[in-house]
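A.B. asks: Residues per chain, in single letters:
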Amino acid sequence: MIEIKDLHKSYKMGKNSLHVLKGINFNVEEGELVAIMGSSGSGKSTLLNILGMLDEADQGSYTLDGVPIKNLNEKLAAQYRNKFLGFIFQSFNLINYKSAIDNVALPLFYQGMKRAERMEKSMAYLEKVGLADWATHKPNELSGGQKQRVAIARALASNPKVLLADELTGALDSKTSYEIMDLIQKINDEGRTVLIVTHEKDIAQMTKRIVNLKDGVIIDDRKITQVRAMQDV
Amino acid sequence: MFSLERWQEVFETISKNKLRTFLTGVSVASGIFILVVLLGVSEGFQNGVEKQFQNDAENIINIYPGSTSIAFKGFNKDRRIQLTNEDYALVNKETDQEIEFTSPLYQIFAGLVSYGNESGSYRVEGILPDYQFLEKADIIEGRFININDVKAKEKYAVIGNRAKKDLFKDESPIGKYIEVSGLNFKIIGVFTDPGGDREETRVYVPISTAQIVFGAGTDIRSMGYTLPKEENYDLALKQSNAFAAQVEQMLKSKLQIDPKDESALFISNNIENTKEIYLLINAMKIFFWGVGIATLLAGIIGVSNIMLIIVKERTKEIGIRKALGAEPLSIVGMILHESIFVTSVSGLFGLIFGLALLEIVGPYIELDFIRNPSVNFSIAVSTLILLIAAGAIAGFFPAWRGARIKPIDALRDE
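If you read the protein sequences in the order shown, they are chains F and S. Everything in the first sequence is counted per my numbering, starting at 1 for the first residue and increasing by one. Everything in the second sequence is counted per my numbering, starting at 1 for the first residue and increasing by one.
Chain S with its partners taken away, still in its complex shape (with noise of 0.2 Å):
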């Protein structure tokens, strides 16, 4: 089937025909191009929305104390609730579930920061490393508090990208001391935060460092988690509804609060503020892909359309060849090696084009709405696999009823 004698035959034919050929090509290129670079501005869509609605981890469940309302085991109510280390570790130690990030956290509210003759008031946060990603905090200068800070209790902070401009202008933190409640931080980052300027004002710090500096002991004012992502809106809502739900009867037992108390302990579950992005997220994802599925078929139905007119262009010719002995397998061998042939390799050039465009200009796209648009590769391979397997067949049964015509009908004058 794939003999020398026969690629010379259709290498012949593709180059005596440059026209149809160029013209089969471009429309088969530019199908994989335009769908390919679909893709990719879908998948941008989706990561620039994903991170206009994200302040803060998506699925951030938060853990705080309050007072009691009904009197318990001999406590009187409106007893104050106060959380500490040992309380954190119980139900990092204690939970059936998967835990993402976590960190616990002592702040406080305002604090008198200054550097030189700039001063400011600023929400001072004692953290664990983990809480960068609770914040979905970005460095852009120096680095987060790492483990190693927490352990040696060192006097490191790193600020928001607010606070860095009220104190520094221009100068560059890094290395340099801030004073804060009379004590002297080292500026180790400086930080961005999605939630903007009232979230960039911030001054972490290492919570073991805030618990001494404060005179805190091993209180914790909350404790944050994250669970790892869910696909679907349902089953994330449920994970954390379950964890939260084993979080407040574990707390309540140790900490003699009457089960059904719902002032001393609050558990905030950001996921049900989400379902909304959850929603919208899918939404999008529908509508891309039927929008992938719709340009797919008009690529297929273009690759078709442009067998048939091929092969009824080709009638006279194939009548001749027929007459000249040529047996109706070789026929339709002949035709769909061709189209085969010609699909592939300007399919491939399409593919290769949509993703070097992605690629060298995809990280440069920082609209609102569309960020670092890229293509799973796996997917535009199989979508080309797809087009051409597509091509073959569409080119098969117009080659099939060539290679039926009769010759005497091919070659009747008309």
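Next up, chain F with everything else stripped away, as it sits in the complex (with noise of 0.2 Å):
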């Protein structure tokens, strides 16, 4: 699904430059669920953020699905976006003069899709994470945990490739976190790719393969046996 040969990334500061990514090769199958770890300054989010099409690499190539991720103007970008990817951030991003299901609908409306046809579609979304009732709600009527569901649904709303989330947990107590990290598992379990960075280690031991990035560079790769986030609770 996504293949990574040798990544490079560096930031100006001034008149130094920062060398961020340091040769990253890195491959994820369909259906895996991988944690990235590292401390700050790890590089992880920059990687992420490149997987994204958020962020652009000065060297080394990206294959999503196929497709080469290489140099996009920004109307290619957004079109593949749309269509690949999913983000969960850490503090939601929501828009929040709209309500719960007009946030979930908004990849749709980027599709082009009709405006009875989006409502459908997120109705569904928002069911699947438990949020029906609270579909007319906006994000500062819904606790933490709830808008993070809602930043799921949105995010399989455009039913995208792959997943991308960022520290997902970072902004939940840990509660909260195990019950979003337990509908990750189910949407895994469902057979979609799932990305996450994270920095807290019983997050990580919930999905199928921790990287570990340290200055730029992979030091560990490994599967591990899946724990399961219900089971915590």
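Hints may be right or wrong, so weigh each one.
[Stated by the list, open to error] Heads up, simulated DSSO-like pairs for lysine-lysine below, C-alpha to C-alpha not over 27 Å straight-line:
(1) K12/F to K316/S
(2) K75/F to K5/F
(3) K114/F to K155/S
(4) K285/S to K98/F
(5) K285/S to K275/S
(6) K16/S to K98/F
(7) K98/F to K406/S
(8) K406/S to K5/F
(9) K98/F to K18/S
(10) K70/F to K406/S
(11) K316/S to K121/F
(12) K186/F to K201/F
(13) K75/F to K406/S
(14) K83/F to K406/S
(15) K223/F to K5/F
(16) K155/S to K169/S
(17) K161/F to K316/S
(18) K169/S to K114/F
(19) K75/F to K169/S
By construction, these hints were calculated from the structure, which means they are not laboratory data. In this text the structure is predicted, and so the values were computed from the model without any measurement.
Two chains, two separate frames, one set of hints: put the complex together.
C.D. replies: Written out as structure tokens, the structure reads:
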């Protein structure tokens, strides 16, 4: 599903150049649930942004579902993001003047789907994350866990190949975190590829594979026995 | 670009951000409102000043005779010159200039006028209908003398408001008869004159009647002309000087006056005295244009500022939309669509309120220096269009910048 070869990325900070990713080689198969771990400054978020086409690599190749991701213009990048990727953020990034269902429907709007169909589909995804009753509520009327569920429904709405989650439990207490991880595990059980960036060990243990990043290189990449989130609740 | 889906999205955004929409709308509407009112007041100010400074038509040219000072073609000097209907007709026929208003005049300076027990000594002037415009007289009751009255040599009189008050007190004089030099004249109208009491003690009668009643034959005392108004003083001066020179040459040759004789024929060209008024009105025009442009500029800057702030405020939202697959053009389109819609609707409101205020209140304003403020509708509309365009252009750059923001920067937690 994802193939990365010899990926380099550096940031210019005034006169100095900060080499963040120093040659990453990394493959993800369809249906995997992968945790990317590392301390802050290890380059894990940069890697996720490049995977998400929010940022571009300086060097190396990146292929997503057989499509080479290279020299994209903004328009194409936007289309690919819409088609291939669903994002889940630490701070949810919901549009706060839109109701839950309108937030979920937004990627579908950009696919050009008609309103009625959009709403029907969004409702189905809200049901899936257990928030059908909250469809007309604004984000500020929802708890943190509920917001993240809306964000997950939104990420799923465009039926993407890969879900990319950046510290998705970072703003949640541990009970809520486990509930969210349970949801992620169930989504993965259905066969969807999920990548999670986290620095929390217990969250990482709930995936099927942990990739450890340090100073811009992968120091460890192994499959693990998945811990089911709901056992811990 | 203007699909139904987009309108739905725009309406949703507008209705769910009521405060922002309201504030943008209020600032655009008040900008237009102030501009319209200002334009109206400037127009009113011009009207007021023109009224204040003009007792008579500002470009009136009067021609009246004197006595010769040079012997010419067998005539002695000190010959009294007399103008007649024939001379007046000659000027009207032969001049190259287009004439706006003209009238000859035969007057007696101290005519005894009486009504019942009241009587007084008034200036009685025989005139043609155009004289009303030469004098800037306004009819407040009845009508002015018309050409049929002149042709029929009617014994009709139009009296000044002062004379009316003296003779009739509070009574309406229309249809009543006054005695002028022993003859009865029927009063058909009352006038006011910006010249005040001095000019409102006059009694106008048809010139044909006056010439008979006062035994003047075809004599006239003077003739008055105005030329069509010119925008610019220099042109107006040039035109009227050319006219005066031509009339002088024409009459001097007909009346056998030495061309160098300066006391036989007098031509008073009022426009030379009104240079200051022209200059003042011009200066005022420039001033109000300046104020108008400055106001417009302030409005444009205000709208641009609001656009800038809106885009800034929406940076994160733009980042989210881009992460979810919004193309840059759709971001620009969304912001512009919204801003043009809001500025147009609120601008229209401001325009309507401003025009309504001027329409309703305007006619009641009769201060010394402000009269009937009103505004040219097409100027108001083009101002509105300019402001909307400015808002769109001003909105475009921040929108464009917003669309180019990398989603990763917009979404970074700070």
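A.B. asks: Could you work out which of the previously given hints the structure breaks and list their numbers from low to high?
C.D. replies: 3, 4, 18 and 19
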